[in-house]
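Throw the hints in and build the complete structure from the sequences for me.
There are 2 protein chains.
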Amino acid sequence: MSTPWSHRYAQRTQSLTSSTIRELLKLTQQPDIISFAGGMPAPELFPTEQFEDACHRVLGGQGQAALQYSTTEGYPPLREMVARHLARYDILAEPENVLITAGSQQALDLIAKLLINPGDRLLVEAPTYLGALQAFNVFGADYVSVPTADDGLIVDRLDEALRSGPKFMYILPNFQNPSGVTLSLERRKALVELADKYGIPLVEDDPYGQLRYEGDHLPPLIVLDRQTHGIRLDNGYKLGNVIYMSTFSKTLAPGLRLGWIVAPPEVIAKLVQLKQGADLHTSTFTQMVAYEAARGGFLDEHIKKLRQVYHERRDVMLEALSEFFPPEVSWTRPAGGLFLWARLPERMDSTRLLEAALRQKVAFVPGNAFFAGSADFAESNRYLRLNFSNAKPDMIVEGIRRLGLVVKLQMGRSGSVPSQLRADAICA
Amino acid sequence: MSTPWSHRYAQRTQSLTSSTIRELLKLTQQPDIISFAGGMPAPELFPTEQFEDACHRVLGGQGQAALQYSTTEGYPPLREMVARHLARYDILAEPENVLITAGSQQALDLIAKLLINPGDRLLVEAPTYLGALQAFNVFGADYVSVPTADDGLIVDRLDEALRSGPKFMYILPNFQNPSGVTLSLERRKALVELADKYGIPLVEDDPYGQLRYEGDHLPPLIVLDRQTHGIRLDNGYKLGNVIYMSTFSKTLAPGLRLGWIVAPPEVIAKLVQLKQGADLHTSTFTQMVAYEAARGGFLDEHIKKLRQVYHERRDVMLEALSEFFPPEVSWTRPAGGLFLWARLPERMDSTRLLEAALRQKVAFVPGNAFFAGSADFAESNRYLRLNFSNAKPDMIVEGIRRLGLVVKLQMGRSGSVPSQLRADAICA
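From first to last, the protein sequence lines stand for chains E and H.
So for the first sequence, my numbering puts the first residue at 1; every next one is plus one.
So for the second sequence, my numbering puts the first residue at 1001; every next one is plus one.
Just so you know, these hints were derived from the structure itself, not from any lab.
One thing to keep in mind: the hints can contain errors.
[What the hints assert, rightly or not] DEER-style ranges, computed between Cβ atoms: (1) H:E1214 / E:Y89: 55 to 63 angstroms; (2) E:H56 / H:D1159: 56 to 64 angstroms; (3) E:D300 / H:D1300: 43 to 51 angstroms; (4) E:K304 / H:E1266: 44 to 52 angstroms; (5) H:S1322 / E:H7: 45 to 53 angstroms; (6) H:E1214 / E:D32: 51 to 59 angstroms.
These numbers were taken from a predicted model, which means no experiment stands behind them.
Beta carbons: idealized from backbone N, C-alpha and C, even for Gly.
Here you go:
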């Protein structure tokens, strides 16, 4: 039915399609679903008591400030905390280089607003983060995709892609969403050098960097960029070729909606103006509560616990996949983060698999959603993204068992095993 | 200095200008400033204890849900509460018609994203809300302005403006920001009928509707629209010609960043998709805390107190203006809200006045910022917006006294009174 509004929508709304993740997040609210779908942290690990103490301190001592309007840039002590935290990873940002955002998603939206004219080509990984594509699509982005392998994006394909003159490249170097793969040090260096050579700036998205379960920390692109430019720059990040972004969603709590952008001061100034028009500022209250909850070393200790628990869950999922999935399915082995990425045999379709899986009360995200623009649908939809942070170990085993049966059933349908037999097996 | 980013900004960034309000809000953080500048509620009235109890209940009983991701539409009990609350004002919205936003400012941003193509003309009042212009400018809006008088916009000028085919009209009918004037019932009816006649939808912004200090409540445009369409519509708001928006910022606390949009379901669905790309959802935690703090009749009682205090402060400011301002200055007498609007004698300039006022530790917002596009700068900058909710009565008197002296001084400079004498008067 048409309304007085429907013929008045802006052209950019044509990019809006109903999102698979969105519909799935709704399903995962049903309590009996085992969800590998969202990127949700384990809720039983949320430090609710620490938050209660923090609320008490904030409202008791600074309640008037916490409930009032505040500056667009963010709560100064939180910006300082972020800068101090980043310095431990050699990201030498001043508080003035840090803009507090309403989660990473707003960081993506503001960066898109700042940089993308309709028709601009962006360089992205294939696959890449669905939420980034959503943010970029609204502003009319086109895409050039660079495929990834186990060590992250394939550098041989990168030269040509960067030479084609994209507006910027968006990349998740650590435990990438959705694939879980990590860009190797060698490839990071090659990327930063090529990006510099062709004058293509980089947007580095690092939500999971602190959630590493094995291997050594690798320097972020923003650090390698500084080292590359180190000799001829005397002004730190003023001329930096990398915008870096991260979030408290995976380490403290996503329900607060707190993330940040690190960028040269001139870029921050523009982003601040855009953020002012977008929401004036991020909630003063949540910023102060997050600061109070995180400070004094609490967040570091908390992240240690998260690493331990998610490490175990990753191992449980990998083991369950080996036990319950047919050998024709392959998957990545992430060194950190929240996701792994499985690949079905040829001619199988993960959307059809999801429909069957939901009947068995198991959810995941079909791969197609993570490919930009012109990806081969049949090929891209052989993939599924599996989250291993949200469900407890016994539920991971049970969910993967059910999912394995559904996979085998659908392989059987297009193969030799009678489907009736498989259906019985699932109901057992 | 140019960075790798500065030649890559999108065209829309050309609309970004450094905002007077923004710079002023920074100044008002100095503790010794008497600020009539921001639209800030009285912080000493924030119900901090009620919030502390609410945090305790939310984190104690539902901490895992409060800190987790949630749906884009908003926390269901809060949407229901908003719908119930609106029903008391005859706005018959279902919870499905309500989208929770990060304050009114995000509502404006999402509506702009949904509707504005570059070059689209919007109909706005002259003057109108600065933050709306900021949100609309980024998406390339052009403007047709309709002047306002004491009863709100001048309907004689409206017919021609609506006939010119704007994309929509943005209007604040109650205690408008910045002018404080209220659209009369007669003019509301005329506006709704003309908008219907010419097929121009309305965006009704009502942040202050509950803060009325005298006179009777007037029906919102969205209610008059339903009554106008009542006979030929059988499906409530499905075909409504009005999008309505409001906020908890002026009644509960702005630091939470919580507002809402009421719109037909089809429009809400599109806005939800845009909000998903913008920030996934508004903080689960602040939504739950606001709900817990507001429910059970607390918010109603709290608003009664706000009305009483702000009513007094309005009267104190009106009286101080009469006492300390020269008769050549005129001002509005708002029946509610947070602002009044003063007009300087011809050839005086409120930006120059502000510079002098800041030296006397008094702040306000010069009028020019509130006029869209091609307003006559000299004429528009004869105005100043004065907020009367933030400062306490004795500070209001002192601030208006100082401001009156600065006004007289500047009148003297372009008139007959020796400036030296006036300067002494201020330092006294």
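Query raised in the report: In ascending order, which of the hints set out earlier in this document are inconsistent with the structure?
Result: none
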